[in-house]
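With the sequences and hints as input, model every part of the structure.
Number of protein chains: 2
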Amino acid sequence: MKELKLEVILSTEKKQKPSFDHLEFGKYFTDHMFIWNYTEGKGWHDPRIVPYQPITLDPAATVFHYGQTVFEGLKAYMTKDEQILLFRPDENFKRFNRSNDRLVMPELDEEGALSALKQLIQIERDWIPTAEGTSLYIRPFMIATEAFLGVHPAKTYQFMIILSPVGAYYKEGINPVKIAVESEYVRAVAGGTGNAKTAGNYAASLKAGEIASENGYSQVLWLDGKENQYIEEVGSMNVFFKINGEVITPALNGSILEGITRKSVIELLNYMNIPIVERKISIHEIQQAYQDGVLEEAFGSGTAAVISPIGELLWKNEKMVINNGEIGSVSKQVYDTLTGIQNGIKEDPFGWAVRV
Amino acid sequence: MKELKLEVILSTEKKQKPSFDHLEFGKYFTDHMFIWNYTEGKGWHDPRIVPYQPITLDPAATVFHYGQTVFEGLKAYMTKDEQILLFRPDENFKRFNRSNDRLVMPELDEEGALSALKQLIQIERDWIPTAEGTSLYIRPFMIATEAFLGVHPAKTYQFMIILSPVGAYYKEGINPVKIAVESEYVRAVAGGTGNAKTAGNYAASLKAGEIASENGYSQVLWLDGKENQYIEEVGSMNVFFKINGEVITPALNGSILEGITRKSVIELLNYMNIPIVERKISIHEIQQAYQDGVLEEAFGSGTAAVISPIGELLWKNEKMVINNGEIGSVSKQVYDTLTGIQNGIKEDPFGWAVRV
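Chains S and X supply the protein sequences, listed in that same order.
Residue 1 is where the first sequence starts when you use UniProt numbering, and the numbers rise one by one after that.
Residue 1 is where the second sequence starts when you use UniProt numbering, and the numbers rise one by one after that.
Rather than coming from a laboratory, the hints here were simulated on the basis of the structure.
Among these hints, one or two may not hold up.
[Claimed, not checked] Below, computed lysine to any residue pairings styled on SDA-like, alpha-carbon distance capped at 20 Å:
no., chain 1, residue 1, chain 2, residue 2
1, X, Lys-316, S, Ala-190
2, X, Lys-80, X, Val-354
3, S, Lys-155, X, Val-104
4, S, Lys-155, X, Phe-25
5, S, Lys-171, S, Ala-131
6, S, Lys-155, X, Pro-54
7, X, Lys-207, S, Gly-150
8, X, Lys-80, X, Arg-355
9, S, Lys-155, X, Glu-210
10, X, Lys-155, S, Lys-94
11, X, Lys-42, X, Val-104
12, S, Lys-207, X, Thr-156
13, S, Lys-207, X, Arg-95
14, S, Lys-27, X, Gly-150
15, S, Lys-94, S, Asp-109
16, S, Lys-155, X, Lys-207
17, X, Lys-207, S, Asp-101
Fair warning: this is a prediction, and the values are worked out from it, not measured in the lab.
Here is the structure:
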């Protein structure tokens, strides 16, 4: 891989690191960040690693008004023999560019961005926590910076990478979460931006998330926007259901995010010879399976949570307790294998783990 | 109205003003802006008018990643006798709070915000252009500023008002625009954020807008996200069709923005005894009316463009030229009356124009 030539300005003061035993998610940031600017007609310029610092933008910058912004999320892990591993990072930068295309934002040099990320992580290697369930969360993102109040794609952009040492995404850790199926609000619809990793999808999700949270549920399971019956995803996770021995996940349809963990789970289940199918699945089918006693397991997959078992689904007034609210055996197997590969503890027959 | 007490720091240097004869839209900004901060547990604090300057935000600020942001748009006009008029500004701040609620953002003190706006405009009165079709565009907006990478509502926000002297929104001015009806992409769906004035809706619209622009169309007319056949709106405008003597505009359904100009047009048409109805209307009905020769006029309404006649609609491969591509008589009457009230030239039986 070609190395991106960049300027490096090191911080003269190092931050006090938080206790790595009590990390929350996305609260602490490391000493440095990567910045790369784009100007129409000039292309990408001035790649640089600089001390972590505020961004300065004109109040009329496009990102504030018209939401032209894209992000990614991935993680770095420190192995027992002090190697740093990334999990399928090329997939993140590929998806970044798919999102860019949907938001009419300039194409990123994927190899250059990955090279910059590796250089940044080397500088910040002391920030990678090592306890089980911890990692260095990586947030590449791009924002439109042009100061102009017309609704059209901006002419200037800034791509950045920031890093955050993190613990479990849910306070439950690997313990099952409770999820409320949303019947009023909609996250995304076919033809919209649901399969792009862009801010508006998350903004749209907050209201339902707040209501679910007030009722004691960790997140919301979204249904499709057209018929309000087909399972989509859980905002920060794709979802899988084990029904009568077969694992089912909603097929990609344009409004569901193409999860990299989702893709990995499918490949892993195939490798393990556990039946897995991608297809449309309605909330009514889930409910019927539950009533028939064949809804055996449910779990979410995503970079932040990796695998998160679902112990309870609320649909309107019906509470469906899955596998007695405990993690199921397939969920556990998938979790152990994926996190094992990510941490370099388990054999990686797929070549997913990439050394920094 | 109670006056909001605020700090005023005047700019020591005044910008060179652009030529008011050649104003574009949203390109120039005045010397000052208004800022108001919100912190959970403390409420709104530190209202201030300061020199127009960049915003400084942590790279992890919620607005960059999860799109928690809301805005409004309204205009100030200078009358011939040097009075400054706003058009129904209370409606804008009411809608601001409806948008805030959808985005789980803190409620704004509407009266306080309007008071701040009036004080800001008094300071910037020399920036209000007077030529026909020009005005001072006002952009109140709020962004989530908390540095935290979890998907939840932020704990800190910044409300701001910036001002921009503007000419016509479309280069066509009051001349009819050509609009392409979108058949692939979707702006918003019921249950989503379509009726909130938030960044994600505009981000979602850019791709189709770009394609339309490449084909020579000014904007896109959106269809509903569920059945892809009912007329919604034109991103920056609501739409009206005159068919067989009756004016029809799509009924508010949760995914269409509740335009203040839209509301005013309806009230005005009722006042003028011109038949106006709000109801569902499909693209097929428009097409049929066109083929039957009874699609007499079409126009868009919005703060930026006020009234913009639609001279051509493209639906798949069919070009529908409306009223020979010329402004219709009802469109012209509505335009003249509305802009007349806004500029203080015409009688205002509704009490819409508010003196600053």
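For each hint, the structure was consulted:
1. Between Lys-316 of chain X and Ala-190 of chain S the alpha-carbon distance is near 19 Å, which keeps this suggested pair within the 20 Å criterion.
2. Annotation: proposed proximity of Lys-80 of chain X to Val-354 of chain X holds, straight-line Cα distance about 15 Å (limit 20 Å).
3. For the hint linking Lys-155 of chain S to Val-104 of chain X, the alpha-carbon distance of about 30 Å lies beyond 20 Å, and the restraint is violated.
4. Between the alpha carbons of Lys-155 of chain S and Phe-25 of chain X the distance comes to roughly 16 Å, so the proposed pair stays at or under 20 Å and holds.
5. Note on Lys-171 of chain S and Ala-131 of chain S: the hinted pairing holds, with a Cα-Cα distance of about 16 Å set against a maximum of 20 Å.
6. For the given pair, Lys-155 of chain S sits about 18 Å from Pro-54 of chain X by alpha-carbon distance, which is consistent with the 20 Å threshold.
7. As the CA atoms of Lys-207 of chain X and Gly-150 of chain S are separated by approximately 15 Å, the hinted pair is consistent with the 20 Å bound.
8. Between Lys-80 of chain X and Arg-355 of chain X the CA atoms are separated by roughly 13 Å; this keeps the pair inside 20 Å, and the hint holds.
9. For the proposed pair Lys-155 of chain S and Glu-210 of chain X, the alpha carbon gap of about 13 Å is at most 20 Å, so the pair holds.
10. Of the supplied pair hints, the one linking Lys-155 of chain X and Lys-94 of chain S is violated, its CA atoms being roughly 33 Å apart against a limit of 20 Å.
11. For the suggested pair Lys-42 of chain X and Val-104 of chain X, the alpha carbons sit about 17 Å apart, so the restraint of at most 20 Å is met.
12. Only pairs whose Cα atoms come within 20 Å are accepted, and Lys-207 of chain S paired with Thr-156 of chain X is accepted, the gap being roughly 17 Å.
13. For the hint pairing Lys-207 of chain S with Arg-95 of chain X, the CA-to-CA distance comes to about 17 Å; that is within 20 Å, so the pair holds.
14. For the hint linking Lys-27 of chain S to Gly-150 of chain X, the alpha-carbon distance of about 8 Å falls within 20 Å, and the restraint holds.
15. For the hint pairing Lys-94 of chain S with Asp-109 of chain S, the CA-to-CA distance comes to about 10 Å; that is within 20 Å, so the pair holds.
16. For the hint linking Lys-155 of chain S to Lys-207 of chain X, the alpha-carbon distance of about 15 Å falls within 20 Å, and the restraint holds.
17. Distance hint between Lys-207 of chain X and Asp-101 of chain S is fulfilled; the C-alpha atoms sit about 8 Å from each other, no more than 20 Å.
When held up to the earlier numbered hints, the structure conflicts with 3, 10 and fits the remainder.
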